[in-house]
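Take the sequences, apply the hints, and build the full model.
Protein chains: 2
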Amino acid sequence: MTGIAILGNGTVGSGVEELINKNIKKIKDRTGEEIRIAKILVRDINKHLGQRDASLLTDKIEELFNEDIDIVVEAMGGINPAYDYIKKFLNMKKHVVTANKDLIAKHGEELLSLANKNQVKLHFEASVGGGIPILKPLSECLAGNEIQCVKGILNGTTNFILSKMYNENMGYDEALKIAQELGFAEANPESDVMGYDAARKLSILSTIAYGKKVDWQEIRTIGITEIDETDIQCAKEEDCNIKLLAMSSKEDRGIYAAVRPVLVSRGSQIAKVEDEFNGISVEGDAVGDMFFYGKGAGKFPTASAVFGDIVDIIENKGRKMLFPVREKAEVYGLWNKKSEWMLRIKCKNRVEIMCALGELFSKCRFSNAKGKDGDEVVVFVESESEEMLDVMINKINNKNSILAVKKFIKLDN
Amino acid sequence: MTGIAILGNGTVGSGVEELINKNIKKIKDRTGEEIRIAKILVRDINKHLGQRDASLLTDKIEELFNEDIDIVVEAMGGINPAYDYIKKFLNMKKHVVTANKDLIAKHGEELLSLANKNQVKLHFEASVGGGIPILKPLSECLAGNEIQCVKGILNGTTNFILSKMYNENMGYDEALKIAQELGFAEANPESDVMGYDAARKLSILSTIAYGKKVDWQEIRTIGITEIDETDIQCAKEEDCNIKLLAMSSKEDRGIYAAVRPVLVSRGSQIAKVEDEFNGISVEGDAVGDMFFYGKGAGKFPTASAVFGDIVDIIENKGRKMLFPVREKAEVYGLWNKKSEWMLRIKCKNRVEIMCALGELFSKCRFSNAKGKDGDEVVVFVESESEEMLDVMINKINNKNSILAVKKFIKLDN
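Protein sequences, first through last, are from chains A and B. Per full-length UniProt numbering, the very first residue in the first sequence carries number 1; after that it's consecutive. Per full-length UniProt numbering, the very first residue in the second sequence carries number 1; after that it's consecutive.
Because the hints were derived from the structure by calculation, they are not lab data. Quick caveat: nothing in here was measured; it's all calculated off a predicted structure. Be aware that a few hints might be false.
Said to hold, decoys possible - Just so you have them, the derived chain A footprint on chain B, three or more residues with Cβ under 8 Å: (1) 61-68; (2) 72-85.
Claimed, not checked - Subject to a maximum C-alpha distance of 27 Å in a straight line, what follows is the list of computed DSSO-like cross-link-like pairs (lysine-lysine): (3) Lys212/A to Lys236/B; (4) Lys26/B to Lys212/A; (5) Lys328/A to Lys28/B; (6) Lys236/A to Lys213/B; (7) Lys106/B to Lys28/B; (8) Lys28/B to Lys117/A; (9) Lys26/B to Lys213/A; (10) Lys26/A to Lys117/A; (11) Lys272/B to Lys328/A; (12) Lys272/B to Lys236/B; (13) Lys26/B to Lys328/A; (14) Lys272/A to Lys22/B; (15) Lys22/B to Lys213/A; (16) Lys407/A to Lys346/A; (17) Lys213/A to Lys236/A; (18) Lys328/B to Lys26/A; (19) Lys213/B to Lys88/B; (20) Lys26/A to Lys410/B; (21) Lys28/B to Lys213/A.
Unchecked claim - Here are a few chain A residues that face chain B, going by a calculated C-beta distance under 7 Å: (22) Leu49; (23) Gly50; (24) Asn145; (25) Cys149; (26) Lys177; (27) Gly288; (28) Gly294; (29) Phe300; (30) Pro301; (31) Phe366.
Think of the CB as a built atom: it goes at the ideal place given N, C-alpha and C, for glycine as much as any other residue.
Here it is, written out as C-alpha cells:
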C-alpha cells in the first residue's frame, strides 16, 4: 500500500486527486501496488465542509506528519510554506512530487541534495512544459547525447497573448485582459509577461540538459510588454510569427541563456505552437533535432505529469537519483550566432539613420514601416553576433541621434 | 562493471559502439557503474581485419555465450537468427536491447514474457520513431492517461518520397530512385512503400497505448505506390499535404488501426514533418494533444535510443517489467469518424457520376481535376463514416459504372 498526501486542493491538487482515484485499479494491475490518498492539506477546512467528502481533508500540516504516507504531492505553489514542508517531508524520508517551478528554480539543488541524503526521490516533471514529458526524456532517453541547445515556448500565458495579437490583431492590453478573463493569466501577470516564469523553466531544463546549474536570475529576460502592432505587422510581412522563446545553448564560453521575443519563420514547428500550448525543441549531438509539443498548463495536463512521477516512484523504489548538479554554469545572454535581426530604430532623422545602416551592414533590407509616430526605421540586417550588432548600433548612435532601439533575432527554424 | 555485447556491426551496431565508448565516463559519473563493450558479433570477421581493432570481434555466437556479459544489444535486424539469439540470451538472464521492429512486432509478447520469467529487461525504444523518445514517455510519463488515439508518420522512407513528390514535383519512381541512392530506401523497398514497416511500428505503439495486443497483420495497410501527380495536385489545391499516416484509436468496438495516405491540412504540425523525419501525435484523456518529432532512423538517432535503453537498464536493475499484454484487441480498419474525403472516381460517364454524387451527398465539392486520361471525377464529400461512404459509392456503382475509386481521408489537424 502506497499512501499519498496532497498539499493543496486547488486546480492542480484536485486534478491530481481525481487522476489518482481514477487509476487505482490500473496501477494495481501494473505494479501490484495499491495506492490510496491518505490526506489532503487545505488552507481552511471550513470552506470545503459540505461541498465534498471531508474525511481526507485537514488544515493542520502536523496531521500529515503522523499519517502513514510514502509520497507527498506538493500542489500549493509559491515558495513558502511549500519549501519548509518539502524539507520536512524529505527529512522524514518521504518521496516528494511537485509542479512548483518557482520553488525548483530557486531551491532545486538543495532539495535534491536533501532527497539524495535521505535516499528518497524528488520529482518535478510538471514544473516544465506542464503535461509534456520533457525532463524524463531529456535526462533518461537522451542520456547518450551531448545536448547542444534547447529552445522553447515555455509559458502558455504569453503565448496565448501573442497568438491573440497575431491572429486577431488585438492590442497587448486587450489580449491580456482576455487571458485574465479566461484564467490563463493572473490578476498580477508580471511573472508571466516579464518572462520570469519562462526563465525559471529554462533554468530547470538547462541545468538538466548541460549538467551545470543555470541560475534563473542570471538568464537575460525580455518580456512581451513592449510588443506592439508594428512588431506584429513587420513580422507578418516577413512571413514570420513572434514568439517568446526561452533559448539556451552550450558554447565555448559557457551557457548562452535568454528569454526574449523572437521572429520565427511561419513554416517552422515552433511557429505552429498557438494559444496556451507549449513547444520545446532539443538538439542532441547523436539524435539531432527533436520537438515536443503539448499543453503546458491546466488542471489535468499538470496532473498527468504529476501522476507519471508518482508511478515512476512506485516502480523505481531502488533507483539512484541523478541530480543534483553542483557546478555552476557561466551564463551569458548575448546571442552569438550569425543571424538576421529586425531592428526598430526610433530616431530624429530617418534618412541619416538609413544611410548609416546601409554603410555599416553589407546585408541590409528596409521595411516600409515607420512606427506609429512615423519616426522609426525598421530594418533587417545580418550580423555575426549580438555583440557585433551592438557595436554597430553604438557607432551609428555616436554620429546620429538614436532615441531607442528594439532588436529581434529572426530565426528560420 | 557492466559488460555489453553488440550483435551486428553495421550502421546501427557501429553507432551504438561509438556512443558507448564516448559515454563511458559520463555513465560512470552518473550511475557509478563502469560500462565496457565485451564482444561484437560480426557476420564474417575477415571483412573487418585490418580495418579496425579486431580484438572485440567474433563471428562465432558461441563465444558470446561464454563472455561476461550483462546486456546484449541486438543490431542485426531481421527475424532470424536474431530471434533465436535473443531467446537464448534472455534464458541466460541477460538484459536485451533491440531496435528490431520486425522482430518485436512479430514476437514481442513472447520475448517480453521470457524476459519477465527470467527477471531481466527487454527494451526496444529505437524500434518506433528512431531517436524520438516515445515508448517510454507513453508507458511511463503518460501512465495516468487513457490514450485515445495515436497518429504518426512512422516511416522516414515513404515520407522522404512523398516530400520529394510534393515539394519538387517528382514522380513516384524518380523519388524512390533518389531515396535508394541516398540510402533512405532499400533495393527492395516493399516493406516501406507498402506500409508494412509503419504497420509494424503502429502495432508496437498501439499495444503499449491501449494495453491490448494490436497484431500488425490485422492492421489495414495502404501504401504509397499508387500516389500520383493528380493526388498531389489536388491536395495542394486544398492547401493540404499528403502523408502516409499510421493511425489508431480506441473505439467502442475495439481498436481502429490503419496505415494509409491521408490529406492533412498544411497548417498542422504533422504536415510540417518533412523528408526522413518522423512525427507522432498522441491524445490522452488527461494530457490532451501531444506531439513528438525527430529523426526516425539513421545511425546515431537509433544509437541514441538504444543507449537510453542501456542507461535505463543500468539505473533500474530492480525494476519490474510492465509488459507483456496478453489480451488481443479487436482490430478494424474502417474509419468511423465524421470526415471530409477526397474521392477520385474513374468512370465512363463523368456527368452521370457527378449527378449521382450531388444527389447522394449533401456536402459535395467538385475539383476541376479530371485525371491524366480525362476520365475521372475528383470530388470532396462529407461522410459520417467510411462504411457509409462505401455504401454510397456502391449505390452509385450499381446505377452507373465506376471503374475504380481512390479514397483519401482529409484531416484538419
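Checklist entry - Against the structure shown, which of the earlier numbered hints fail to hold, in ascending order? => result Of the numbered hints given earlier, those the structure breaks are 1, 2, 3, 6, 7, 10, 11, 14, 17, 20, 22, 23, 25, 26 and 31, listed in rising order.
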